[in-house]
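Protein chains: 2
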Amino acid sequence: MKTIPQNWAELEPAEKTTLEKLFWLGYAARHKLIETTQFSKSKLNSVVAALIDQGFLEDRGLPFQTGGRKAESLCFKQDLGVVVGVYMGATGFDVAILTPNLEILALQTQVAAIRLGPGVLMPQVKAMIEATLQHLHLNPTAIIAIGVGIPGPIEFASGLLVDPPIMPGWEGFSIREYLNQAFARQVFVDNEVNVLALAQQWHEQKNQKNFLVVKIGTGIGCGIVCNDEIYRGSSGAAGDVGHICVDPNGPLCHCGNYGCVEAMAARPAIIQQALEATRAGKSPLLNRILEQKSELSSEDIVQASREGDAVATGIIQRSGLLVGQMLAMLVNFYNPSHIFIAGRFAHAGPLFLAAIRQSVYQRSLALSTRHLEIRIADLGRQGGVIGAAGLAMLETIRS
Amino acid sequence: MKTIPQNWAELEPAEKTTLEKLFWLGYAARHKLIETTQFSKSKLNSVVAALIDQGFLEDRGLPFQTGGRKAESLCFKQDLGVVVGVYMGATGFDVAILTPNLEILALQTQVAAIRLGPGVLMPQVKAMIEATLQHLHLNPTAIIAIGVGIPGPIEFASGLLVDPPIMPGWEGFSIREYLNQAFARQVFVDNEVNVLALAQQWHEQKNQKNFLVVKIGTGIGCGIVCNDEIYRGSSGAAGDVGHICVDPNGPLCHCGNYGCVEAMAARPAIIQQALEATRAGKSPLLNRILEQKSELSSEDIVQASREGDAVATGIIQRSGLLVGQMLAMLVNFYNPSHIFIAGRFAHAGPLFLAAIRQSVYQRSLALSTRHLEIRIADLGRQGGVIGAAGLAMLETIRS
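If you're matching them up, the sequences are chains A and B in order. Take the first sequence: its letters are residues 101 to 499, numbered as in the numbering used here. Take the second sequence: its letters are residues 101 to 499, numbered as in the numbering used here.
Incorrect hints may have been included.
[As the list claims (entries may be wrong)] Only some residues are given here: those of chain A computed to face chain B with a beta carbon under 7 Å:
| hint | residue |
| --- | --- |
| 1 | A114 |
| 2 | V262 |
| 3 | A338 |
| 4 | I344 |
| 5 | M429 |
| 6 | S437 |
| 7 | H471 |
It should be emphasised that the hints constitute simulated quantities derived from the structure, not laboratory data. The structure displayed is predicted, hence computed values, not measured ones. Yeah, the Cβ is synthetic: ideal placement off N, Cα and C, and Gly gets one too.
Okay, chain A solo, but in the shape it has when bound (with noise of 0.2 Å):
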């Protein structure tokens, strides 16, 4: 691979505006550039011609032909470098090597626990890095940038981790600075669900303006779309929805508040729920993975509910029904066009779905709801690496 061109920094306010249209677009034609660009013909078509000179773009001439017009399809130049996109999550991490155009080259998965701390995760993240990279014989110089999304509140001006609650010990501590230090290259940091949402903004090609994606897995977060930007909030804390209460004489949740929806609704809430149900002998299905396993996972619940256990299903249901109720009073707020649900457990099938959709349609008023679309984030278990990577591309055409 050639010397990668590292002047991002250096380019013109039209080049970066055409240049950040593409990354939303994806493969776009000319004219679909001039549509979002506003720029005339001709200023685009100059350019265009500046940006493929300095070897950020390429006109691959795919994949569509339309009429009898040659067919055009602008794309960021394939040998412009790669992007690594990290997505850490409570209970492991993926590391993915991507094209400037967000396609995955390689994905690789590790199963860390975040508490173990930076001390012993960044090591391992880096490593899977490079080797990541060796696979596909690769240098650290083609890396054009680097985006992690992390499961904590961080402070996106800055990188730092403030006050992470599933995160002990990371407070602080820099990922920017550890992985800017390992491979020279940019690294930006944000929260899994601002990585999610960015994902998704990426695959509906910025269609959407006002959306949520929710998460939920150990912890239950939100990511904001507003006026076609990910909103942070006024420190950064925003979509920190895990705590949001759904019941005043719920139970005593680690905040030390009644009745938040995370501890009742999240995954180790449902694993509980489980382990109790199976214990008094409610659920003989449960009972014989718990024998065989001495524990369960929420997949094991998901799958018991599929053979038709109703404790696993009642179980399920009941956690529907809860993120519901805090989506109602989201809704009933922010009158988002779409609420995209993403993390493990999205994938529990239709019955999950269906409970949260029962509680928003049932506790939100009918203005908001009217042409409301509740679904499952299209890009599944990718979207953490795709987000992290579109992070880094978008914010080095940007900078």
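Take the given structure of chain A and dock chain B to it, following the hints.
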């Protein structure tokens, strides 16, 4: 008053930008406009010269004299015309005539129940605008534009009311068309809380990017400012927070659900609670007022609390705690920098505000409340007409 220039729509983009910045700043020196428009000094000077020439601006040379330099303070030209601000509540409406710099020239108030419908209300509004103009010796041709705030959900683009719960009989009625036909001027209609949010934004000279204005009256609603703009949601329903559930075991609301904050903490609920306590013989003070007037108002309850009545104080405190519970959810989700409390009940005194704060700080996450300020909206009762007139000016400049 001389003929009004009606060429707002023909202004150049740079002229519109300058007028909008001036609108937010109020009186402004040139260096301040250079700072906010980011125009060069020579560009700004030529734009300002053109605007003065066309009769939009004037230089008052007021009110600040800094150093040895000639004082200069630009503002909209006084004889440009007037703006009409109409603020309609559930139980009455305000009409004001303002200068283009949003100084109130005259303000009139009338008691009238909104549920009497447009056939009764709108001729009253029209007559009051005419009378107020006459009182100022102004002709309707002096009107630049008319802004209206209403207590119901509205589709901002069409100006039509959509399914307004406390405005039966208004469904599908066009306030815009009615006033446009009456005065032959552009009319802009928005929900009351958006109008209050715009007033607050104007008062702050647009210094706060992300904040909420919560109005507690017959209903409870929330105006949202997101990235410096009023946020209306994907179908204009954003901020309809009155039906957020604060107690699943709470009383039945007219919306069909249980425990809505509006059904438990807004004015009708407060009055109902006071009546019940009074009839049960728990408050001699309120009983005396009830015997005199044969009804109780929220003002009576506030007054009783000021005079040491424990029942009144308890009711106000409970309402504040419930509103705070709802706001805690919004704070976790939206992470605003400020929450401004509006509506007559906002002036219930420090007790009400203290109860709201107590709930919010107890139930919200630390990162979200670290820099959060909760206080009474600055413009008080006048916020309604100032916001409505501000909407009319802003949309005229942008049109």
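Consistency of the hints with the structure:
Look at A114/A: its Cβ only gets to about 17 Å from chain B, farther than 7 Å, so that hint breaks. About 5 Å separates the beta-carbon of V262/A from the nearest beta-carbon of chain B, less than 7 Å, and the hint is met. Hint status for A338/A: holds, given a least beta-carbon distance of 4 Å to chain B, under 7 Å. Interface restraint check: I344/A against chain B, minimum CB-CB distance 5 Å, threshold 7 Å, status holds.
At its closest, the beta carbon of M429/A sits 5 Å from a beta carbon of chain B; the interface hint therefore holds under the 7 Å criterion. Against a cut-off of 7 Å between C-beta atoms, the interface hint on S437/A holds, since the closest Cβ of chain B lies about 4 Å away. For H471/A, the interface hint holds, since its Cβ comes within 7 Å of a Cβ in chain B; the closest pair sits about 6 Å apart.
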